[in-house]
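With chain A's structure known, arrange chain B on it following the hints.
2 protein chains.
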Amino acid sequence: MERNIKLTVAYDGTKYHGFQRQANALAVQQVLEERLKGVFGHALSITASGRTDTGVHAYGQVLNFYTTGSIPTERIVSAASGVLPEDIVVVAAEEVNKGFHARRDAKRKTYMYRIYNSRLPNPFELRYAWHVRTELDESLMNTITRQVVGTHDFSAFKAAGGPPVSPIKTIFSANCSRQEKLIQFTFTGSGFLYHMVRNLVGTIVEIGSGRRGADEFARILASHDRRKAGATAPPQGLYLMCVEYE
Amino acid sequence: MERNIKLTVAYDGTKYHGFQRQANALAVQQVLEERLKGVFGHALSITASGRTDTGVHAYGQVLNFYTTGSIPTERIVSAASGVLPEDIVVVAAEEVNKGFHARRDAKRKTYMYRIYNSRLPNPFELRYAWHVRTELDESLMNTITRQVVGTHDFSAFKAAGGPPVSPIKTIFSANCSRQEKLIQFTFTGSGFLYHMVRNLVGTIVEIGSGRRGADEFARILASHDRRKAGATAPPQGLYLMCVEYE
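If you read the protein sequences in the order shown, they are chains A and B.
Under numbering that gives the first Met the number 0, residue 245 is the last one in the first sequence; the count climbs by one each step, no gaps.
Under numbering that gives the first Met the number 0, residue 245 is the last one in the second sequence; the count climbs by one each step, no gaps.
One chain only, chain A, in its complex shape (with noise of 0.2 Å):
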């Protein structure tokens, strides 16, 4: 009997080239695919919630895929810790209905980007946040932030070469807090289009340096231009929390 199987997955993303499968570089799905093959007994085709760059990390990617294999839903997540490589884990395994599909039926998807703001770099966040050396105020970043929540044209911090698709985005809530050196954005939201959170990161942060007006971001926002938002944050403080569904 075929079941459709939904997976959490949690992934450091540094030694991958992102999530989707490609040609010539090893992707995340890749590695699920082939290692989860002998757990189901036959070839699998991954359907995920959406794709992530190279070097960017989940803590809650979800994906699904249908499987004929006998083993028992509640010994997914155990068959899977004896076959994945330990930086990727499968968190939680369950059934879902036959017409559960990942990423279309994705309702919300929290990000989470973490800055690592000191002179002097962290030995052990070199792979985990973004590195920034100026003074950053987290007071202002909050405020400019929350300014993304809403439904808007996020054309403006939309990368070129993604996919086709419309540039209008509820954000539901979005919040910049300090704990001593680290700085933690995280953004919630219908979808996010292609780089989105990195270019509001990056945009957000030179508001936060001083090189730019605070009053800058709402005339980037309404521009839907991308040329007038700031530098692509880099992909290592960007992680995938989770993706909710109905």
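Careful: at least some of the hints might be erroneous.
If several chains are the same, the list does not tell them apart, and a pair holds so long as it fits within one copy or across any two.
Unchecked claim - Quick list of in silico lysine-lysine cross-link-like pairs, DSS-like style, CA-CA up to 30 Å:
1. 14 / 97
2. 36 / 227
3. 14 / 180
4. 14 / 227
5. 227 / 5
6. 227 / 180
7. 36 / 106
8. 97 / 5
9. 97 / 180
10. 97 / 227
11. 180 / 5
12. 168 / 36
13. 106 / 14
It is worth saying that the hints were derived from the structure and are not from the lab.
Chain B only, in chain A's frame:
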């Protein structure tokens, strides 16, 4: 004019065969000596507060060396960051009196040990914590940990193969606490025997998981017999936090 320079160094020990220079494997000391040569204009001979093992980390290793180089002391930190790999960071530099010796003059050292306590591994903690699956009782472990405070013969927690030194050490403070899935031990003492922190943690975890009785710890400590204590905890959870001088 010759100066005696004291450096405080942070490093991610994952890729290095410990601190101490070795013939056939790359150690942190070798990287520092070779890369800093250019900053000072001559070969350096570094003395550290002590060695750390393969995979062990440091936030505050201290070392000293003599230089006839002309670089002003206040420019050393930034010059070092230009020549060192990203996983070794000089966080402070100061000129000290000629007699200062990073190992002999050390009065107190503080080590931290991190455990990630959860059924499933966390891909972001692989290199930075010991993953213990069994649920640990941090309150009981804190009670046991505090028993090491005072002056004791720590022979039961000394690895074979260390240098022949007195097994009697004074521990000024020691505790264990939990924040969600992370358990953290901190030990401050006059000095530590080879593998002493890792052997203490390995033994205390056996008690915290219920495999040994809480009353066994005092007996193990009093036995002075390494065979009575538990297994050595793995290196990646250990951090040399700071070294204090008078």
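Next item on the list: Tell me, please, which holds for residue 36 and residue 227 at an alpha-carbon limit of 30 Å: within, between, both or neither?
Entry: neither (46 Å within a copy, 45 Å between copies)
Next item on the list: Can you give me the call for residue 227 and residue 180, within, between, both or neither, at a CA distance of at most 30 Å?
Entry: Within one copy only: 29 Å inside, 43 Å across.
Notebook entry, point to check: With identical chains treated as interchangeable, where does the CA-CA distance between residue 106 and residue 14 reach 30 Å or less: within a copy, between copies, both, or neither?
Noted result: within (29 Å within a copy, 41 Å between copies)
Check: How would you classify residue 14 and residue 97 at a CA-CA limit of 30 Å: within, between, both, or neither?
Finding: Cα proximity of residue 14 and residue 97: none, with 33 Å in one copy and 46 Å across.
Note to self: With identical chains, the pair residue 97 and residue 5 could be close in the same copy or across copies; at 30 Å between alpha carbons, which is it: within, between, both, or neither?
What the structure shows: within (11 Å within a copy, 65 Å between copies)
Margin query: At most 30 Å between CA atoms: does that hold for residue 97 and residue 180 within a copy, between copies, both, or neither?
Written below: neither (46 Å within a copy, 35 Å between copies)
Notebook entry, point to check: Taking 30 Å as the upper bound on the Cα-Cα distance, should residue 168 and residue 36 be classified as within, between, both, or neither?
Noted result: neither (36 Å within a copy, 54 Å between copies)
Notebook entry, point to check: Which holds for residue 14 with residue 180 at a C-alpha limit of 30 Å: within a copy, between copies, both or neither?
Noted result: both (26 Å within a copy, 25 Å between copies)
Notebook entry, point to check: Can you tell me if residue 14 and residue 227 fall within 30 Å by alpha carbon in one copy, between copies, both or neither?
Noted result: This pair counts as neither: shortest intra-copy Cα distance 32 Å, inter-copy 41 Å.
Item checked: Intra- versus inter-copy proximity for residue 5 and residue 227 (alpha-carbon distance at most 30 Å) -> neither (40 Å within a copy, 47 Å between copies)
Next item on the list: With 30 Å as the alpha-carbon cut-off, assign the pair residue 36 and residue 106 to within, between, both or neither.
Entry: So residue 36 and residue 106 pass the 30 Å test inside one copy only (29 Å; across, 56 Å).
Notebook entry, point to check: Within a copy, between copies, both or neither: where do residue 180 and residue 5 come within 30 Å Cα-Cα?
Noted result: For residue 180 and residue 5, the Cα distance is within 30 Å only across copies (25 Å; inside one copy 37 Å).
Hint compliance for this structure: hints 1, 2, 4, 5, 9, 10 and 12 are not met, and every other hint is.
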